[in-house]
Amino acid sequence: MKKLSMLITGLTLATGVLAGAADQLSVQDPYVRLAPPNAPATGAFMVIRNGGDKDVKVLKADNPVSRVTELHTHLNEGGVMKMRPVAAIEVKAKGEAVLKPGGLHVMMIDLKAPMKEGDVVPITLTLDDGSTKQVDAKVVRPMAAPAPAPMPMMEHKH
Amino acid sequence: MSERILIAIAALLAALILGLAFFWSPELPERPLPMAALPPGGDFTLQSSTGPVSLKDYRGKVVLVYFGYTYCPDICPTALAATADGLKQLTAEELTRVAMLFISVDPERDTPARLKDYVEFFHPNIVGVTGSSESLAEIAKRYGVFYARQKVETAGDGYVVDHTSDTYVVGPDGRLLSKISHASPPDQVAAEIRKRLNQP
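If you read the sequences in order, they're chains A and B. Each residue of the first sequence is one higher than the one before, counting from 1 in the numbering used here. Each residue of the second sequence is one higher than the one before, counting from 159 in the numbering used here.
Treat each hint with caution, since some may be false.
Pulled from the structure, derived: some chain A residues nowhere near chain B, Cβ distances all over 10 angstroms [claimed, not checked]:
no., residue
1, Q24
2, N63
3, G95
4, A97
5, S131
Taking lysine-lysine pairs in the DSSO-like style, the calculated list, with each CA pair at most 30 angstroms apart, reads [stated by the list, open to error]:
no., chain 1, residue 1, chain 2, residue 2
6, A, K116, A, K138
7, B, K246, A, K100
8, A, K138, B, K337
9, A, K57, B, K246
10, B, K274, A, K82
11, B, K337, B, K219
12, A, K112, B, K309
13, B, K299, A, K82
14, B, K309, A, K60
15, B, K309, A, K82
16, A, K100, B, K274
17, B, K337, B, K299
Rather than coming from a laboratory, the hints here were simulated on the basis of the structure. For every residue, glycine included, the Cβ atom is placed at its ideal position computed from N, Cα and C.
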């Protein structure tokens, strides 16, 4: 009976969260970097866009393949790279948060089993209003960051 | 225990020196100096999975040197992927004249065997080496590398290592020639290596 009520509560919550801030968000190019052998941790990266009129905070990320999942960023202090957990990743209204190597990322710590290229890791982002968004991130080999896009030509059309 | 304290003192001193280097500038030169002087660099011997490796074993080759550790969650893979992609742009002939050393500054967790699998994942030309904390500290000092343990509860064994993330370029004569900054695009890495390969 207790289980049943928990289930019902769970379902109610699940329905409740569907209509939350998560609906405003869209996620582009999510990927998990394939961890090198013996590396106990790796990162997931993506671009989170907020199409809504309200700022949204990502408070938590979860995934089934690592024992611990945290939101992290990097501080470059005089050339010393410092990785630190952050409490939240803010996605401004009509703005975006870019999660990329060397910056903000979802840290996957203590992997339960080695991954392989092409695996898909479901990552659940929990937002500040309690709603959640699931992102399917593909596992890819580490690669150099793509070269920055060429500067757009300055055009002076009138 | 006393070693811990010594390491802590060393780290404190290093932080102090670094702090001074950044914030203490009694006389600002009117114009920036043309080029920051490179650290002295120089030879060293560390342990690989197949035995001791010295920088001077690679005379005649351009050697890239990177300081990191395998528990490094993001920075080292980012830097190594960029450098490895640069190496992949070289011709087979050029590659025979290029080596790369990945020096782990986390000898407590990184054994040479562990390092081997890790680095070869990025590129077969990379050799993983490490040594005692004393020798690593001494080499790091000569190369102008900073690293320090930082407590992070959820990290493996409770710590990460903050570190500088440049790749050092050592010429065929063993002299430190330049630094490639963190995660430089592969084109730049390849160009820098070629420049050094073709230097008279």
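Outcome of the hint check:
No beta-carbon of chain B comes within 10 angstroms of the beta-carbon of Q24 of chain A; the shortest separation is about 28 angstroms. No Cβ of chain B comes within 10 angstroms of the Cβ of N63 of chain A; the nearest lies about 14 angstroms off, and the non-interface call holds. Against chain B, the non-interface label of G95 of chain A holds: every CB pair exceeds 10 angstroms, the least being about 23 angstroms. Every CB of chain B is more than 10 angstroms from the CB of A97 of chain A (nearest about 16 angstroms), matching its label as outside the interface.
Taking the minimum C-beta to C-beta distance to chain B, about 25 angstroms, the non-interface status of S131 of chain A holds against the 10 angstroms cut. Restraint check for K116 of chain A and K138 of chain A: satisfied, since their Cα atoms lie roughly 10 angstroms apart, inside the 30 angstroms limit. Note on K246 of chain B and K100 of chain A: the hinted pairing holds, with a Cα-Cα distance of about 23 angstroms set against a maximum of 30 angstroms. For the given pair, K138 of chain A sits about 33 angstroms from K337 of chain B by alpha-carbon distance, which is inconsistent with the 30 angstroms threshold.
Between K57 of chain A and K246 of chain B, the direct Cα distance comes to roughly 40 angstroms. Violation of the 30 angstroms bound is thereby established for this hinted pair. Between the alpha carbons of K274 of chain B and K82 of chain A the distance comes to roughly 25 angstroms, so the proposed pair stays at or under 30 angstroms and holds. Taking the CA atoms of K337 of chain B and K219 of chain B, the gap is about 16 angstroms. The hint holds against a cut of 30 angstroms. A C-alpha spacing of about 22 angstroms is found between K112 of chain A and K309 of chain B, which places the hinted pair at or below 30 angstroms, so the restraint holds.
With a C-alpha separation of about 19 angstroms, the suggested pair K299 of chain B and K82 of chain A falls inside the 30 angstroms cut-off, and the hint holds. A C-alpha spacing of about 21 angstroms is found between K309 of chain B and K60 of chain A, which places the hinted pair at or below 30 angstroms, so the restraint holds. Between the alpha carbons of K309 of chain B and K82 of chain A the distance comes to roughly 11 angstroms, so the proposed pair stays at or under 30 angstroms and holds. Annotation: proposed proximity of K100 of chain A to K274 of chain B holds, straight-line Cα distance about 27 angstroms (limit 30 angstroms).
Between K337 of chain B and K299 of chain B the CA atoms are separated by roughly 15 angstroms; this keeps the pair inside 30 angstroms, and the hint holds.
Checked against the numbered hints given earlier, this structure breaks hints 8 and 9; the rest are met.
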